[in-house]
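Enquirer: Residue-level listing of the chains:
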Amino acid sequence: MGSFDTFLQQVFNGLVLGSLYALIALGYTMVYGIINLINFAHGDVLMVGALTALSAIALVHGALPALPGWSLLIVGMLAAIPVCVLVSLAIERIAYRPLRSAPRLAPLITAIGVSILLQTLAMLIWGRNHLSFPQLLPADPIAIGPAVVTATKLLVIALSALIMVGLLLLVQRTRLGRAMRATAENPRVASLMGVNPNAVIAATFAIGAALAAVAGVMYAAIYSVAHFYMGFIPGLKAFTAAVLGGIGNIPGAMLGGVVLGLIEALGAGYIDTLSGGIFGSNYQDVFAFIVLCAVLILRPSGLLGERVADRA
Amino acid sequence: MKSWIQPGPTRNAALSLAVAVLAAGALAGCGRKDDASGPSGSADNVIRIGHVAPLSGGTAHLGKDNENGARLAADEINAAGGVKVGGKTYRVEILGEDDKADPKEGTLAAQKLIDAGVVAVVGHLNSGSSIPASRIYSEAGVAQISPSSTAIRYTQQGFKTTFRVVANDEQQGSAMARYAMDGFKAKTAAVVDDRTAYGQGLADVVERTLKENGVKVVARDYTDNQASDFNAILTKIRATKPDVIVYGGMDDTAGPMAKQIHQLGIRVPLLAGDGACSPEFIKLAGDGAELLTCSRAGEAVEKLAKGGPFMAKYKAKFNADVQIYAPYSYDAVYVIVDAIRRAGSIERAAVAAAVGATDFDGLTGHIAFDPKGDLKNGAISIYHVQGGQLSYLSTTR
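Residue numbers (this note's numbering), protein chains in the order written: chain Z, 135 to 446; chain A, 9 to 405.
I should point out that these hints are in silico values taken from the structure, not numbers from a laboratory. Predicted, not measured: the structure shown is a model, and the values here were computed from it. A virtual CB, placed ideally from N, CA and C, is assigned to each residue, including glycine.
Pairwise CB distance ranges, derived in the manner of DEER restraints:
hint : chain 1 : residue 1 : chain 2 : residue 2 : range
1    : Z       : D274      : A       : Q394      : 17 to 25 Å
2    : Z       : N330      : A       : T248      : 57 to 65 Å
3    : Z       : W204      : A       : T248      : 32 to 40 Å
4    : Z       : R227      : A       : L25       : 19 to 27 Å
5    : Z       : Q306      : A       : P140      : 50 to 58 Å
6    : A       : F192      : Z       : Q269      : 25 to 33 Å
7    : Z       : L430      : A       : D329      : 45 to 53 Å
8    : A       : G316      : Z       : I246      : 50 to 58 Å
9    : Z       : W204      : A       : K325      : 39 to 47 Å
Calculated from the model, a selection of chain A residues having no Cβ within reach of chain Z, i.e. all distances over 10 Å:
hint : residue
10   : E113
11   : A124
12   : K195
13   : K325
14   : D346
The shape of chain Z in the complex, shown without the other chains (with noise of 0.2 Å):
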C-alpha cells in the first residue's frame, strides 16, 4: 500500500471525523452569533441524542427483531431529534433567557452548570458504563480507490454534506432565515422591524439542537459506544472548529470542522514522521491546538471572520 494510498485514507479518516466536528459545531456558532453565548451544554445534546438513539433502538428491536439495521437507525434518529430539541429548548428558556441582560460571565456558568447537570441525569438514568450502541449497517470494509470505507462512514460524510447544504438554504433563502441574520445582526432593530427575537433564538436552539442529535446518533454508530460522559470531547473539539472558521460564521463552522478533523487525522498519522520520532501519535491534539493557535494568531476572526451580534 503506497505512501499515497496511505495519504487518501487518511484524509477519508478525516472527512468523517470533520463532518462530524462540523455538525456539532454549526450549534455553537449559531447560538454565539445570536446571543453571543457560547453554550456549552451544546456536547452534552448530542450526548443525550446518542443515548435517546440507543434505547429507541433497542425498544423497537425488541418488540419488532426483524426490522433491517438501516430502519432501525432511521427510528433511533426520529426519536433522538424530538428529544434533543425539547432538552435544549428547557435548557433556552429555563437557563438561558432570564440571563439575557446579565452581564457575559453569568450565562457563562450557567451554561457549564447545564451541562453538569445533563451529564449527571444522563449518568442516573442510563448508568455509569459503557453501554455498546448496536451495529446496524453493514461493517464490512469497502475498497473505494485507495481507501477503505465503511457504510457507516460514508453516511456520516453524505448526511453532514446534505445537512449542510440544507442548512445554507435556510438561512439563505427562506423567512426563518432572513429573520435569524437580521436577529444575529442587530436584535433590536430586528424587532422593530416585525421579527419576534424570542421566537427566533428558540428556533436556533432548536436547529443545533437537532443537527447534535444527529451528530450523536453517527458518533455512537461509528464508534460503537455511547455512555454519559461522551458529549465532552467532541463538544470541546466541535467549539474549537468553530473559533477556528470564525464563530459566529455559519460556513466557517462547516469549514471549520472539517479542516480540525482533518488537522487530527494528518496529525496523527504523520507526526511521527514528521518530527523524525520525538512526537509520536499521542500528540495529536497538541497538534491541532497549536494549529488553532497559529491560526488565531495570525488571523484572530478564525478562517472566514467573525460575525457576532451589534449589540448597542
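With chain Z fixed as given, assemble chain A onto it according to the hints.
Expert: Chain A alone, transformed into the frame defined by chain Z:
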C-alpha cells in the same frame, strides 16, 4: 455594569440562606465518625477491608467484577462463622471505593479508606492508580493486595505493604512476545499503548523482548485511555505491513480498536494483555473480536479444581459472568483473613507482616509472596477469541 442582584431584603435573605446551607453542610461533615477507636476500626466486632476499583467510566464493568469477587469472599467468611481473633468473633465488611481509573482519585480513595479504619486493602485495579496509592498505604502501614495491577513498578518502590496475587508485566510481556514469535511466527510488529502506567509498561516489555529476538518493530504508536478513534494510527500502521499488532491497554479501548482494525481491512492478529482479555471486549469489538489473542496474569481459573464451582456461585449471586479478576480479589480477601488468623491480631502492622509470610492455597492457585511482594511462581495464560468466546490456549509458568 449593574449588579445582577440588587442590595435589599431579597439579597440579604438569599445570602443568609446560603450561609446557613454551608454551615449545615460543614457540621454534617464533622459529626460522621461513630467508631474511630484506634487505627484498626475494631468497634462492633467488624473487620473492615477496603476495596478500590473504577466503578464508573469505561472500565466500570471490571471494577464491579472485582468488588463482587471481594464481597463474595466476605459473605462466605461471614456465613462460615466469621473470623475468631483473640477470643472475639468478627465479621468481615468490604468498604468499596470508586477511583474512576484515575491516579488522582486513587490517592483520595486510599486516604478515605485509611481514615475509615481499614485493616487492609484489596486494590487498586489499575496499576496507574495502585502505584501512587501504595505510598499512602505504606505510610499508614496498611497492607495492599492488588488483584490486577501488573505494572512492574508497583512492587519495586521498596514498600513493605505492596503485594499482588497476579503475575507481573515482566512475565506477561515476555509471554506475549514469545507467543508472537512462536505462535504467529511474526517477523515484524506494530506496538501501540495507551500511555497509562500499565499499558506503557507492558508495551515496552513486549517491544524490548521482540527486539532482543530479532523481530522488527515497524511502528510504535500511542493513544490514551479515553480515546475512541484509532483510525489515523491504524491507517499509519497498515502502511507498514506488520505481522502482528501489539496493544497495551484496557478492553474499553482495545474493543473499539479491534473493530476499527477490521473496518480498515487490516487482517493481522491483535495481541493484547490482561486488561483486554474480557467478555466485554468481545461485545465492544463486534466483527473485529476474532482478531484478538490475549494473555491473563494467572492460571486459567476455569480449568482449576475450585474454578468451576466459583464461576457458578458468582453467576448465581450476581447474575453476570466473571469478567477477569473477580477470582483474584476473592483470593485477596481470603489472604487477608488468613493473615489475620496467623497474626492473631487485627493491628495493621501485624497483619501486613503476616501477609508477607503467606503460604496459602487459594482459588487461583498457590499464593506466596517474594520479598518485594510479587507472587511467587506466577503463571501467564494465553487465550484467543473463537466462536464469540474467549478460548483457552496455553499457560506458561
